[in-house]
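Starting from the two chains in their separate frames, assemble the complex, guided by the hints.
So the chains spell out like this:
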Amino acid sequence: MRVLAAMSGGVDSAVAAARAAEAGHDVTGIHLALSRNPKSYRSGARGCCTIEDSNDARRAADVIGIPFYVWDMSDEFHENVVEDFMSEYAAGRTPNPCLRCNEKIKFAAVLDRALALGFDAVVTGHYAQLETGRDGLIEMHRSVDMGKDQSYVLGVLTQDQLAHSMFPLGDSVKDDVRREAERRGLMVANKPDSHDICFIADGDNAGWLKEMLGDRAPNDSGDIVDHATGEVLGQHEGTTAYTIGQRKGLRIGRPAPDGKPRFVLDIEPVSGTVTVGPREELRIDHISGIKARWCGAVPERLEGTVQLRAHGSEHRAVVTVVSSGSTTEAGIEIDLLDPAEGIAPGQAAVIYDGTRVVGSATISATARTSVGVT
Amino acid sequence: MTTVYLDHAATTPMLPAAVEALTDQLTAVGNPSSLHASGRHARRVVEESREQIAQALNCRPGEVVFTSGGTEADNLALKGIYWSRLRSSNRGPRILSTAIEHHAVLDPLHWLGQEEGAEVELLPVDTTGRLDVGALKSAIERNPDDVALISVMWANNEVGTIQPIDEVVELAGAHGIPVHTDAVQAVGAVPVDFAASGVDALTLTGHKVGGPFGVGALVVRRELEVTPLVHGGGQERDIRSGTIDTPAIAGFAAAVEASVKSQADHHVRLSALRDQLVERICAIVPDAIRNGDPAHLLPGHAHLRFPGCEGDSLLMLLDARGIECSTGSACNAGVPQASHVLLAMGCTDAEARGSLRFSLGHTSTQADVDALVEAIGPVVERARAAGARKGS
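Line by line, the protein sequences give chains F and S.
Mapping of the first sequence onto the numbering used here: residues 2 to 375, in sequence order.
Mapping of the second sequence onto the numbering used here: residues 1163 to 1554, in sequence order.
So here's chain S without its partners, still in its complex pose (with noise of 0.2 Å):
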C-alpha cells in the first residue's frame, strides 16, 4: 500500500538540499565555541546558515537566535520578552494574544497567568479564524501602558487562517508595544520579510519548512531585551545558551532558504491543487463544509467539517487505506479533544469533532489528490455509520 500523505502541516519531510547540507556536516569534528581550527570550521558554518536564514526572511543575522523548535521558540519570546518589559520598562502585566494560538502559545501564556502574575487576554476570532482587529484595538486602548507584549500567529495550523499581522503591528507600534508572532506554519508558504513587516520576534522552526526536527529560530530585533530561560555558555547571544548543533543547524538553513526561493511557484502549485481536492470532494461530499477563510489561506491547507462524522473514525478508515491526515486536535492524555481554534471560530463540540485537515507539501501530486477523492465517500458513508459521538 503506498503512503499517501496529507500531514504537511504536522511535518514535511526534509528537502533534499537539507539533507545534503545536514549529513556534510555529520561527521565532521569541531565544537562552534572552540578556538581551534575544526571549532572555527564549525563556527563558519553556523554563521553562514545564520545569514543564509537572515537573508531569506529579510532580518539581520544577528537576529536570528537558534532554538531547539518552535516550542523553545515561542517560550523564548513570551516569557522573555514578558520579564524584561515589565522589569525594565515596567509594562505589564497584560499579553494580548488569540484564541487560535497553538499550544505552545497557549500553554507559557497560561504559565505566566498561573505563576508570574501576568492578566493574559485572548482575543476572538471570527467564523473564518481570523482576528477580531476592533477587539484588539479596544483591548489596547482600556489601557496601552499596561500591555506588555501582543502575540498573534502569522497563520493557523489547523484551519490555516492568515492572521492581519500587518494591522496587529499598527496598533501596537501607535503604542510601542511589542509584537511577536508565531510564524512556523508561514515561512515557505507565503511571503515572511521580518523587517518589512513590523514585527519585534518572530518564530519559525526547521521541520515545517523541509528541515530537521529539533531545530528551530527565534527571529528578534537587536534592540528587543530577552530574558534567557536557559542558562549555561549563553552561546546565542546570550539569550540562549546550549552547544550549538552545527548539523542541525546547516540543514535547517538549507531548508528555510530553499523553501522561501520556491515559496511563490510552491503557492501557485499548492493553491490549485488544494482548491481542486477542496472542490471534488464537496462534490462527492456535498454536505462537507469548508472551515477557514479562502481569501487569506495558506496554500496547502484544507480543512473540511463532514456533518454526522466523527473525525476520529474517519482519520482512522482513511489510515486503512493508507491516506494520512489529521483530526488537527490536541490530545490530552491520549483522549482526543474538540479543537480550540474551532471552538473559537463559533463551531459547536460536534462540528468541531467532525472536522479533518489536509495539508498539503513540497511533495504532493495530483495522485495524492485522486487517491483521497477515490477514498472519501466510501469512508464517509461508513463513518456516518458509525455516528458522531453522543453527547457532544
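In isolation and in its complexed conformation, chain F is listed as follows (with noise of 0.2 Å):
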C-alpha cells in the first residue's frame, strides 16, 4: 500500500513509520505544521509544532529512507482545534484538544487530502491496535501496554477513518519501541515524552486562554459561592481558569467548616459564578453525552465500559443510544455502575466492549441518581 506516515518528530511515530516501510508498503513521512509562528504556540522540545521537531522528524525519515515533507496545516488546525478548545472553555466546558485533533485533522484532513493525493492510509504511532472482525468491519482495540494505551482520544475514529488507519505500534509496549528506535539508529530514541496540551508552551492553560481569548473570555471576574450555603466564598479572575473536580487555585481565605478541601463542583459562565463543595458532591452515576461517534455498528444497549479521560480507569456501566445518526444532536445516555468523580461537560466518554472501542460521545452533562452513591 502507498501510506503517508504523520511523523510529530516524536519516538513513538518514527517507530511506526519505519515499521511500516519494513513490511513492505510505499511510506512517504509527513510532518503537520500546526502553527504558521510557533512562538506564539508551544516553544519547549516537547510539543507538535516547533522546529526541532519537525528536524527530528527530517532526520528520522532520512534513516529510514523514505521521502519528507512538511504540509501545513495551520488554518485547519487553528480553526478546529484551537479555536473549539477555547469556545469550550469559554462555555464552561473541559475539551480535549486531542480527540478534537484525531477527529478533525489527523484522520479528515490529512486523510482526506493523502487518499485524494492516491495514498491508501495514514500511518500514526498511536498505541491502538486495529483487526478486522467477522462482520468485516475494522475493529479497535486498546493497546497491549495499558499504561501508554491511547484508544481514549481515537475514540472519535469512524468506520470509514478507520479502514484507512495503520497503527504499527499498538501490540508493542513503549520500553520495546524505545530500545527498537535505538537498534534502528532514530535519534529521537530517548527524547521524552510529549505531554499536555501541545500549543500551551509552558503548561498554563489558564494563562493561555486568558491571554487568548481577550475580550472573548465570558467574564474576567466573579464570585465562588458554597454550593449547599449559596454563601460568597471568595472572587475569581475568570471563569476559564477552572475546571470541574479542580482544588488548587481556589484562593477561599478560609477552611471550610468542617476542615475538609472543597473542590470546583459547577462553572456558570454566564453569570460568572464557580460553585464550590466537597468532594463527595463530584461522585456522579449517569452521564448524557451528545455528538456520539460510532467506530462501527451503532448499538441500541451495551453493557460495557466507559473511560471518561485520557489515562483514565474504566467504569462499568450500561450504555443506551438514544438519537443515532451523524447530526451534533446523536445522543447517549451512560448509566455508571461505577461511579466517577470530578467529571466536566466537554470531555469525552469512550465506550468500550471488552478492549473493543465502540464508539464515543461528548459529555454534556452529569447526574446523581442513585441513594448510596456517596
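Among these hints, one or two may not hold up.
Subject to a maximum C-alpha distance of 25 Å in a straight line, what follows is the list of computed SDA-like cross-link-like pairs (lysine to any residue) [to be verified]:
{"hint": "1", "chain 1": "S", "residue 1": "K1299", "chain 2": "S", "residue 2": "H1502"}
{"hint": "2", "chain 1": "F", "residue 1": "K105", "chain 2": "S", "residue 2": "H1502"}
{"hint": "3", "chain 1": "F", "residue 1": "K105", "chain 2": "S", "residue 2": "G1470"}
Hints are computed from structural coordinates only; laboratory data are not their basis.
Structure (C-alpha cells):
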C-alpha cells in the first residue's frame, strides 16, 4: 500500500513509520506544521509544532529512507482545534483537544488529502490495535501496553476513518519501542514523551486562555460560592481558569467548617459563578452525551465499560443510544455501575466492549441518581 | 527511477571544468597568505582565478572580493555600503530596493531598518515582476541626498524576470547614488558586463553557475568604500577577512569562465527547450497560467500557476515520479509561505500557493522535458482532487 506516515518528531511515530516501511509499504513521511508562527504556541522541545520537532522528524525519515515533507495544517488546526478549545472553555466546559485533532485533522483533513493524492492510509504512532472483525468491519482495540494505551483519544474515529488508518505500535509496549528506535538508529530514541496540550507552551492553560480569549472571555471576575449555603466564599479572575473537580487555585481565604478541602462542582460562565463543595459532591453515576460517534455498527443498548478521561480508569456502565444519526444531536445516556468523580461537560466518554472501542460521545451533563452513590 | 532535475535555479550541477580546477587544488598545501613557495603557489591560483572572473565579467581583478557565497556578498554590499555612505558622505538613511528581492537582500535590509535606523523602501513591481521604474524615480526625487544606496536584483530567482538595471543605473547616476545588484541568477544565463552596466557592486555565487557551494564574490568598484562585516586578517582588500579557500575559488572561477563563455549558446538552447516545455504543459493543462515576463526572462525559468492546485501537492506528486522542481516559496519554520514575489506581482495567496517553478540548466535535455510533459496531466488532476487549501 501507499501510506502516509504522520511524523511528529517523536519516537513513536518514527518507529511506526519504520515498521510500515519494513512491512513493505511505500511510505511517505509528513510532519504537520500546526502553527505558522511557532512562537505563538508551544516553544519547548516536547510539543508538536516546533522547528526542532520538524527537524527530528526529517532526520528520522532520512534514517528510515523515506521521502519527507512538511504539510501546513495551521489554518485547519487553528479553526478546528484551538478555536474549539477556546470556545468550549468560554462556555464553561473542559474539552480534550487531542480527540478533536484526531477527529478533524489527522484522520480527516490529512487523511482526505492523502486519499486524494493517491495514498491508501495514514500511519501514526498511536498505541491502539486494529483488526478485522468477523463481520468484516475494522475493530479498534486497546493497546497491549495499558500504560500507554491511546484508544481513548482515537474513540472519535468512524469505520471509514479506521479503514484508512494503520497503527503499527498497538501490539508493542513503550520500552520495546524505545529499544527498537535505538536499534534502528533513530536519534529520537531517548526523546521525552510529549505531555499536556501541544499548543500551550508552558502548560499554563489558564494564563494561555486568558491571553488568547481576551475580550471573548465570558467574564473576568465573579463569585466563588458554597454549593450548600450559597454563601460567597471568594472572588476569581475568570471562570476559564477552572475545571470541574479542580482543587488548587481556589483562593478561598478560610477553610470549610468541617476542615475538608473544597472542589469546583459547577461553572456558570454567564453569571461568572464558580460553585465549590466537598469531594463527595463530585461523585456521579449518570452521564448524558452528545455528538456520539461510532467505530462500527451503532448499538441500541450496551453493557460494557466507559473511560472518561485520557489514561483514566474504566467504569462498568450501561449505555443506551437515545438518538442515532450523524447530527450533533446524536445522543446517549450512560448509567455508571462504578461511580465517577470530577467529570466535566466537554470531556469525552469513550465506550468499550471489553478491549474493543465501540464509540464515543461528548459529555453534556452529569447527574447523581442512586441513593448510596455517596 | 531516473531523476529529472528541473531545479537549476536552486543549484546547478558542477561543470566538469570546475570539478577539475577544484580537485586539482584539494591536495595542494599552502595558505595564500604565506610567504614561502607553497603559499606563493596558492596565492597565484587565487589571483589567476580573480583575473579569470574579472575577464569574464569585464571588471578589474582588484574589484573581485571573494566571499562565502551570495548571501554574504549581499550582506556585505548592503550593510557595508550603507555604513560607509552614512559615515563618510552623510548620505542616508534611505535605502531603495524592490519587493521581489531574495531574502539574502530583504533580510539584511529589514535588519538595517530595525537596528541601524535605515529607512527601507521596497518599490513595487508590475504583474510580470518587473520593477516600476516610475516609482523608483519618484522615490529618488523625493530627496536624492538622503538615499544611501539602491539595490535591485539583475533577474528574479523565482519567476526569472530580468530587471531594468540600465534604467536604475541612469536614475541613480544622476544623483551619484551607488547601485548594488544581486546577479546570482543572471551570470552565465544572460550577458553580464560589470563595467558597461554601470553598477557599483554586483553579487554572484559559485553554485548557481556550475561551481562549488560556499564560495561567491562581491564585485565592487575600486572607488567605493565598503565597511567590512567580518574582521580578521583583512585578506580580501581589507573588506573581507578569513583564510582564502583556494580550491573553492579555483572551481568557482573555472565555472564563471566556462558559463560566461557558453552563455550565448546556452541561452539559445535553453530558452527553446523552456518555451517548448511551457507550450506543451499549457496544451495539456489549458488553464495553466504563465507567471513572469516572456520579453524579459531568464532562459531556463518556467514559472506556472495551476489553478485549483496546491503547489505542495504538485511538488510531492512530481517528486514521487522522480521529477524535481520548486514551489519557489520560502520556508518559515518549515512551513511553506506564499511567495512574497508572487504576492508583490498581485497574485492572491491561493494563486501564489498554486504555482511551480521549473528551472532548466546546462544538463537539461529533451528527455527531461518529455518526462515532465508526460507526468503533468495526471499529477495536476490528482492535485486538483486534493484541492487548494481552505481559507487561502
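Hint numbers contradicted by this structure: Result: hint 2 breaks, nothing else.
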